[in-house]
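Chains as they are written, first to last, in our numbering: chain A, 1 to 163; chain B, 1 to 629; chain C, 1 to 367.
Note that these hints are calculated values from the structure, not bench results. The reader is advised that the hints may include incorrect statements.
What the hints assert, rightly or not - Here are the simulated DSS-like pairs of lysine-lysine, each with C-alpha atoms no more than 27 angstroms apart in a straight line:
no.	chain 1	residue 1	chain 2	residue 2
1	C	296	A	141
2	B	417	B	517
3	C	272	C	169
4	B	172	C	48
5	C	180	A	78
6	B	32	B	303
7	C	285	B	235
8	C	293	A	22
9	B	525	B	413
10	C	291	A	78
11	C	291	B	235
12	B	182	C	293
13	C	180	B	25
14	A	147	C	169
15	B	311	B	229
16	B	32	C	180
17	B	182	B	172
18	C	199	A	6
19	C	48	A	84
20	B	182	C	285
21	A	90	C	321
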Amino acid sequence: MNKSLKKKLESDFDSSVEILEKNGWTITANKNQVLDILRFLKGEGFDYLALISCVDWIEKGEFELIYILSSYLADKEKMHLILKTRIPRKKPDFETTIHIFENAEPYERELHELFGVNFNGHPRLEPLFLDRNYKTPPFRKDFDTRKYVEETFGSIKSVEGKK
Amino acid sequence: MGSENKSQKKTNDKPSALGPFKAIKFLFKKPKTLRYPFEEKEPSPRLRGFHLNDWDKCTGCGNCDDICPSQAITMVEIPEIKAEPGKKNERPRIDYGRCCYCGLCVDVCPTGSLRLSKDYLHIHFDPKTFTSFAKDEKSDSEHFLPEEEYSIFKANLSHRKQNNDGFVSDLKYSLFEPERVKMPHVPLDERKLSFIEEVIGYSREEAQIEAGRCLECKLCEDACPAHMKISDYIKAIYEDDAERSLKKIFEDNPLPSICGRICMKHCEDACSLSIRGESVAIRWLKRYTADQVDDFQKALRQKSAESTGKKVAVIGAGPGGLSVAYFLTLKGHKVVVFDSLPGGGGMMRMGPPAYRLPITSIDKDVEYIASLDVEFRFNTTVGEDITFEDILEGYDATYLGIGATSSRSTKVKNFEKCMLGLDFLRENKIGEGVKVGKETIVIGGGNVAMDVARESLRLQHIQHPNEKTVTKTVSLENWNEMPATEEEIEDSKDEGIEFNPAWGPKEVVLDDKGDVKGLLCKKVKKVFDDQGRFSPEFYEEKTTLLEGDMIIEAIGQGPDFSFIPKQLMDKLEFTERRKVKVDEGGQTSISRVFAGGDIVNLNLDAVTAIADAKTAAEGIDKLLKKTKR
Amino acid sequence: MTERELEMYFGPQHMGMVGNFGITLTVKGDRILKAKANPGYLHRGFEKLMELRTWTQNSPLVCRVNVMEPHSMEMVYSMAVEKLAGIKVPMRAKYIRTLTLELSRLASHLFGCWAYANMLGFDTVAQWAMYHRDLILDLFEDFTGGRVYPIYIWPGGVRRDLPDGFKEKALNVLHEIRSKISDYDATFFNNKLFYDRAKGIGKISQEEAKNLGGTGQILRGNGVESDIRKIEPYAAYDKIDFEIPTREGGDAYSRVWIIRDEMIQSVHIAMKCLEQMPEGSVYNKVPNPFKWKIPKGETYVRVESSRGELGLYMVSNGGDKPYRVHFRTPSYPHGLTILEKILVGENIADVGNIMISLYVTPPEIDR
Numbered sequence: 001m002n003k004s005l006k007k008k009l010e011s012d013f014d015s016s017v018e019i020l021e022k023n024g025w026t027i028t029a030n031k032n033q034v035l036d037i038l039r040f041l042k043g044e045g046f047d048y049l050a051l052i053s054c055v056d057w058i059e060k061g062e063f064e065l066i067y068i069l070s071s072y073l074a075d076k077e078k079m080h081l082i083l084k085t086r087i088p089r090k091k092p093d094f095e096t097t098i099h100i101f102e103n104a105e106p107y108e109r110e111l112h113e114l115f116g117v118n119f120n121g122h123p124r125l126e127p128l129f130l131d132r133n134y135k136t137p138p139f140r141k142d143f144d145t146r147k148y149v150e151e152t153f154g155s156i157k158s159v160e161g162k163k
Numbered sequence: 001m002g003s004e005n006k007s008q009k010k011t012n013d014k015p016s017a018l019g020p021f022k023a024i025k026f027l028f029k030k031p032k033t034l035r036y037p038f039e040e041k042e043p044s045p046r047l048r049g050f051h052l053n054d055w056d057k058c059t060g061c062g063n064c065d066d067i068c069p070s071q072a073i074t075m076v077e078i079p080e081i082k083a084e085p086g087k088k089n090e091r092p093r094i095d096y097g098r099c100c101y102c103g104l105c106v107d108v109c110p111t112g113s114l115r116l117s118k119d120y121l122h123i124h125f126d127p128k129t130f131t132s133f134a135k136d137e138k139s140d141s142e143h144f145l146p147e148e149e150y151s152i153f154k155a156n157l158s159h160r161k162q163n164n165d166g167f168v169s170d171l172k173y174s175l176f177e178p179e180r181v182k183m184p185h186v187p188l189d190e191r192k193l194s195f196i197e198e199v200i201g202y203s204r205e206e207a208q209i210e211a212g213r214c215l216e217c218k219l220c221e222d223a224c225p226a227h228m229k230i231s232d233y234i235k236a237i238y239e240d241d242a243e244r245s246l247k248k249i250f251e252d253n254p255l256p257s258i259c260g261r262i263c264m265k266h267c268e269d270a271c272s273l274s275i276r277g278e279s280v281a282i283r284w285l286k287r288y289t290a291d292q293v294d295d296f297q298k299a300l301r302q303k304s305a306e307s308t309g310k311k312v313a314v315i316g317a318g319p320g321g322l323s324v325a326y327f328l329t330l331k332g333h334k335v336v337v338f339d340s341l342p343g344g345g346g347m348m349r350m351g352p353p354a355y356r357l358p359i360t361s362i363d364k365d366v367e368y369i370a371s372l373d374v375e376f377r378f379n380t381t382v383g384e385d386i387t388f389e390d391i392l393e394g395y396d397a398t399y400l401g402i403g404a405t406s407s408r409s410t411k412v413k414n415f416e417k418c419m420l421g422l423d424f425l426r427e428n429k430i431g432e433g434v435k436v437g438k439e440t441i442v443i444g445g446g447n448v449a450m451d452v453a454r455e456s457l458r459l460q461h462i463q464h465p466n467e468k469t470v471t472k473t474v475s476l477e478n479w480n481e482m483p484a485t486e487e488e489i490e491d492s493k494d495e496g497i498e499f500n501p502a503w504g505p506k507e508v509v510l511d512d513k514g515d516v517k518g519l520l521c522k523k524v525k526k527v528f529d530d531q532g533r534f535s536p537e538f539y540e541e542k543t544t545l546l547e548g549d550m551i552i553e554a555i556g557q558g559p560d561f562s563f564i565p566k567q568l569m570d571k572l573e574f575t576e577r578r579k580v581k582v583d584e585g586g587q588t589s590i591s592r593v594f595a596g597g598d599i600v601n602l603n604l605d606a607v608t609a610i611a612d613a614k615t616a617a618e619g620i621d622k623l624l625k626k627t628k629r
Numbered sequence: 001m002t003e004r005e006l007e008m009y010f011g012p013q014h015m016g017m018v019g020n021f022g023i024t025l026t027v028k029g030d031r032i033l034k035a036k037a038n039p040g041y042l043h044r045g046f047e048k049l050m051e052l053r054t055w056t057q058n059s060p061l062v063c064r065v066n067v068m069e070p071h072s073m074e075m076v077y078s079m080a081v082e083k084l085a086g087i088k089v090p091m092r093a094k095y096i097r098t099l100t101l102e103l104s105r106l107a108s109h110l111f112g113c114w115a116y117a118n119m120l121g122f123d124t125v126a127q128w129a130m131y132h133r134d135l136i137l138d139l140f141e142d143f144t145g146g147r148v149y150p151i152y153i154w155p156g157g158v159r160r161d162l163p164d165g166f167k168e169k170a171l172n173v174l175h176e177i178r179s180k181i182s183d184y185d186a187t188f189f190n191n192k193l194f195y196d197r198a199k200g201i202g203k204i205s206q207e208e209a210k211n212l213g214g215t216g217q218i219l220r221g222n223g224v225e226s227d228i229r230k231i232e233p234y235a236a237y238d239k240i241d242f243e244i245p246t247r248e249g250g251d252a253y254s255r256v257w258i259i260r261d262e263m264i265q266s267v268h269i270a271m272k273c274l275e276q277m278p279e280g281s282v283y284n285k286v287p288n289p290f291k292w293k294i295p296k297g298e299t300y301v302r303v304e305s306s307r308g309e310l311g312l313y314m315v316s317n318g319g320d321k322p323y324r325v326h327f328r329t330p331s332y333p334h335g336l337t338i339l340e341k342i343l344v345g346e347n348i349a350d351v352g353n354i355m356i357s358l359y360v361t362p363p364e365i366d367r
């Protein structure tokens with residue numbers, strides 16, 4: 001059963017499937033095909049979206065979007081699938097997946113705020129956690145936390161004096 | 001996730017409005033509230049509270065500073081503490097506004113001096129008091145009070161309890177590994193029959209595991225006389241980059257194959273892991289790097305600077321001479337090295353036995369230095385083949401790396417029948433060979449005497465197989481005073497050498513034919529006087545006869561200045577310990593003559609000679625750049 | 001009299017709120033029309049902080065993500081590092097980890113009882129729950145060294161072995177708690193007032209719960225028997241027999257009753273661990289903390305915390321620090337999407353009730 005799923009993913013969609021361990025697969029896909037793959041996997045029974053995440057590969061100039069899926073069904077609940085795709089860092093635009101998985105909404109809002117990824121079609125892309133405006137979205141690799149603290153709060157004297 | 005709609009046991013909803021009245025029974029029970037601070041609860045024996053530090057055991061290594069995830073610990077210099085090899089004069093100071101009481105500093109402390117106590121209260125108006133040195137009752141009895149004087153209402157970082165240890169270090173759960181990877185040796189029965197090199201060496205995996213133990217505290221770098229970059233080259237071995245490791249070694253020491261086998265390892269004695277475990281095997285890792293890289297030239301790619309046109313003469317191709325040649329040729333000067341032996345290495349070539357330092361290892365280092373355009377003139381004795389004045393005339397500067405090459409003698413009656421220790425070693429290693437008797441006596445308790453005795457044992461097995469042979473040593477010093485290293489004494493005992501400590505030589509006894517029959521010895525009263533100077537006293541009447549048919553004297557060696565003519569010898573100044581006096585650039589009192597090594601320093605080992613050579617090379621370079629000739 | 005639409009802040013400082021979390025309610029009269037969650041008061045930026053510290057230095061940082069239940073955070077971090085680096089854990093350490101996690105689940109459920117009972121006004125039961133939680137915190141202080149932040153489970157095993165005399169102490173505490181459940185039942189769980197206030201409130205159907213990514217008590221309150229301890233067993237859970245309590249109804253009443261049933265199961269598992277614990281070592285030493293590098297790779301591991309599925313996605317770049325760390329916390333979908341859906345049509349007076357019955361913890365949402 002799993003073999004046929006793997007074959008189908010590799011042949012119908014332009015993706016490569018790697019088996020990390022017995023029940024954990026990694027599917028690397030082209031960014032144009034991600035929504036089709038998600039719809040297909042939901043039809044196959046993987047109806048539980050656990051996490052949407054993002055990794056900043058600054059040296060390659062790319063963001064990597066991660067979708068982690070699992071299932072509520074008894075025969076598939078042990079598995080988790082990691083779907084990966086890459087988008088360019090200079091212009092990080094992507095489609096929203098809310099119409100496929102309803103609970104994707106806060107995850108996409110968080111990624112928009114912390115990494116600067118645009119999700120077209122999202123109804124409510126407003127700030128979730130942060131209350132200031134940051135020139136660089138703070139979770140990117142070129143955001144220097146120490147420098148930001150010194151620039152923003154450097155005029156306030158510290159109690160214990162300079163280290 | 002899971003099966004659908006499988007209802008379990010039937011739910012028995014029995015809501016009742018009268019049930020809660022059962023709680024009234026608690027009205028008559030004793031309340032469980034703790035009336036703090038009048039009642040106190042004893043904290044658990046493992047509570048993580050404020051820090052304690054034993055300033056006698058603490059070495060100032062700084063590992064706690066490096067691992068703290070909140071950067072709460074700073075190492076501060078304390079001028080009252082004297083720095084010595086293995087101990088820095090810094091102590092940790094902790095900022096309790098940042099500390100998260102995780103205890104990682106306790107788990108990484110190699111000595112176990114840093115602990116966490118069961119105190120956790122600090123109430124004060126002044127925020128500056130939240131930063132304090134970690135001390136304990138041994139060094140600070142004012143702030144650590146006994147039970148009767150302690151009051152919880154005044155609890156403070158300056159008002160704490162004595163004997164209040166909480167979370168302490170435990171070697172089974174520490175973040176470092178106290179045990180060393182065992183170095184494989186040739187088995188005892190095999191190695192005492194031949195001169196095969198007894199240390200086999202680390203494999204690549206073993207070297208990586210051993211290099212992974214280093215905590216990068218750099219106490220070893222302070223203790224090494226040449227201040228080599230030890231933690232950097234060990235890190236390169238861990239990352240499987242032997243060439244980078246070799247480059248780091250060659251910045252301060254051009255003789256890794258030699259030092260990796262016979263160095264006196266001051267670094268390992270200072271290593272912070274040696275306090276509660278075994279030190280990192282720094283010497284064996286250096287040996288691993290030198291053996292792992294086959295072609296030094298290809299790995300190092302060193303090029304000399306532009307030629308300066310100046311010439312330097314080096315007398316003696318020992319560790320000091322070879323190093324000075326290496327450092328000066330890289331700076332662009334032309335160097336010529338003179339030595340009376342047929343190859344390089346000096347004392348290293350003729351002294352240590354082949355089972356500790358084979359000739360091939362020495363030649364590997366010397367050939368690399370020769371490839372950097374250093375000219376070697378072997379079999380050339382200064383004073384016979386070329387005079388000292390000619391050298392002073394023909395070269396812009398001279399370096400004396402002559403070492404201590406002439407053996408001393410006890411000068412007892414019939415001492416001419418004995419052999420001198422260094423002659424025995426040299427003849428055996430690079431000369432014609434020596435015939436040993438069946439019962440050899442070696443006079444002396446130092447490393448050279450151990451070398452002589454172990455070589456004699458092997459020669460006896462080779463030259464008199466299947467016969468009963470024995471090698472004995474006799475020394476003035478008793479067991480705890482012997483200058484030889486513990487390793488050598490243990491190995492000699494394992495191989496079957498008989499020791500006779502605390503006896504002094506009185507007379508060599510001959511038989512009717514005039515051959516050696518034995519050594520008459522007298523009992524030693526004491527060796528060192530009250531100031532620690534060598535001045536032995538004996539019980540002249542208590543004597544014993546040690547039987548033997550060959551006696552070798554290995555009681556010490558001194559330098560041979562016979563090649564220096566008298567008028568220059570008068571100008572040469574000596575210190576009160578009878579060493580050549582040099583300034584901070586290595587120059588002696590004779591102009592343009594520099595010196596280093598065994599004739600200058602008191603350590604008398606190879607790595608200190610290399611350190612002296614580096615200083616002298618910079619002094620020579622400075623002098624040559626000033627003079628225009 | 002016409003009713004106006006008002007916007008009301010069920011703000012971060014409120015009697016009915018656990019932690020700092022705001023909800024903006026649009027109300028008309030007493031009914032809620034729309035709810036909008038306002039997280040962010042506890043955002044500490046853990047995921048960025050963890051990229052600047054080495055693998056060993058991250059252990060004291062991880063337990064601070066969720067204040068109510070720090071042990072499951074440490075467990076999930078250790079599991080991820082052990083998977084990426086290929087480290088094996090000794091058997092005794094697995095049993096000790098199971099014991100620790102169950103004691104932590106018990107302490108967290110008692111804290112939940114305190115919060116819920118306090119919210120509804122049952123002060124007596126709240127104080128009992130706090131007292132019993134204090135007994136468990138004393139146990140933690142005994143064998144880990146810290147009451148709230150233990151820093152005990154780390155990659156390679158656990159940090160120290162159990163002290164002498166611990167087994168008797170722990171069994172005493174567990175017996176005490178187990179015997180008092182009947183008092184809790186009489187005063188709180190079987191109380192008619194509690195039944196009236198919680199039955200039918202905050203109802204969510206199974207379909208909706210699955211669509212919105214719910215896990216933990218939300219699913220089990222709808223009759224679905226799902227627990228990661230049975231699906232993908234970790235530590236020593238595959239060696240111990242236990243049941244997963246479920247209920248029908250899907251409302252606040254069934255969710256809180258599941259908490260009570262889980263407490264009984266936790267006591268049972270903890271006692272079994274103490275009986276069956278094997279001998280042996282508890283820690284396999286990991287490489288030198290200043291030199292430890294983990295090969296390239298990525299992994300996703302998950303654990304059943306007291307609130308649902310807790311997962312960690314970790315990426316390593318071959319260096320000595322993590323490259324990316326992302327916690328999948330159970331309160332994230334519960335507090336942001338499910339809460340906003342459930343509150344529509346409820347009374348203002350029930351907001352705190354519903355929020356605590358969903359078992360939402362704000363530190364987990366913000367990280």
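Query - Distance restraint between residue 180 of chain C and residue 25 of chain B, which requires alpha-carbon spacing of 27 angstroms or less - result: The given pair, whose Cα atoms are some 13 angstroms apart, holds under the 27 angstroms limit.
Requested in this report: Would you check the hint for residue 291 of chain C and residue 235 of chain B, treating anything up to 27 angstroms between C-alpha atoms as holding?
Outcome: 8 angstroms, holds
Query raised in the report: When you check the alpha-carbon spacing of residue 293 of chain C and residue 22 of chain A, does it fall within 27 angstroms?
Result: Holds - the C-alpha atoms of residue 22 of chain A and residue 293 of chain C are around 25 angstroms apart, at most 27 angstroms.
Report task. Would you check the hint for residue 296 of chain C and residue 141 of chain A, treating anything up to 27 angstroms between C-alpha atoms as holding? Result -> 18 angstroms, holds
Report task. Sort out whether residue 303 of chain B lies within 27 angstroms of residue 32 of chain B, counting only the CA atoms. Result -> It is violated: about 81 angstroms lies between the C-alpha atoms, which goes past 27 angstroms.
Query raised in the report: Between residue 147 of chain A and residue 169 of chain C, is the straight-line Cα distance small enough, at 27 angstroms or below?
Result: With a Cα-Cα distance of about 51 angstroms, the restraint between residue 147 of chain A and residue 169 of chain C is violated, given a limit of 27 angstroms.
**Report entry** Pair hint outcome, residue 291 of chain C versus residue 78 of chain A [Cα-Cα no greater than 27 angstroms]
**Finding:** 35 angstroms, violated
Query - Given pair status - residue 285 of chain C, residue 182 of chain B, alpha carbons within 27 angstroms - result: 18 angstroms, holds
Query raised in the report: CA of residue 417 of chain B to CA of residue 517 of chain B, is that 27 angstroms or under?
Result: Measuring from Cα to Cα gives roughly 11 angstroms; hence the hint holds.
Query raised in the report: Regarding the pair residue 272 of chain C and residue 169 of chain C, is the alpha-carbon distance no greater than 27 angstroms?
Result: 15 angstroms, holds
Query raised in the report: When you check the alpha-carbon spacing of residue 199 of chain C and residue 6 of chain A, does it fall within 27 angstroms?
Result: Cα-Cα ~46 angstroms, so violated.
Query raised in the report: Between residue 32 of chain B and residue 180 of chain C, is the straight-line Cα distance small enough, at 27 angstroms or below?
Result: 15 angstroms, holds
Consistency with the previously given hints fails for numbers 4, 5, 6, 10, 14, 15 and 18, ordered from lowest to highest.
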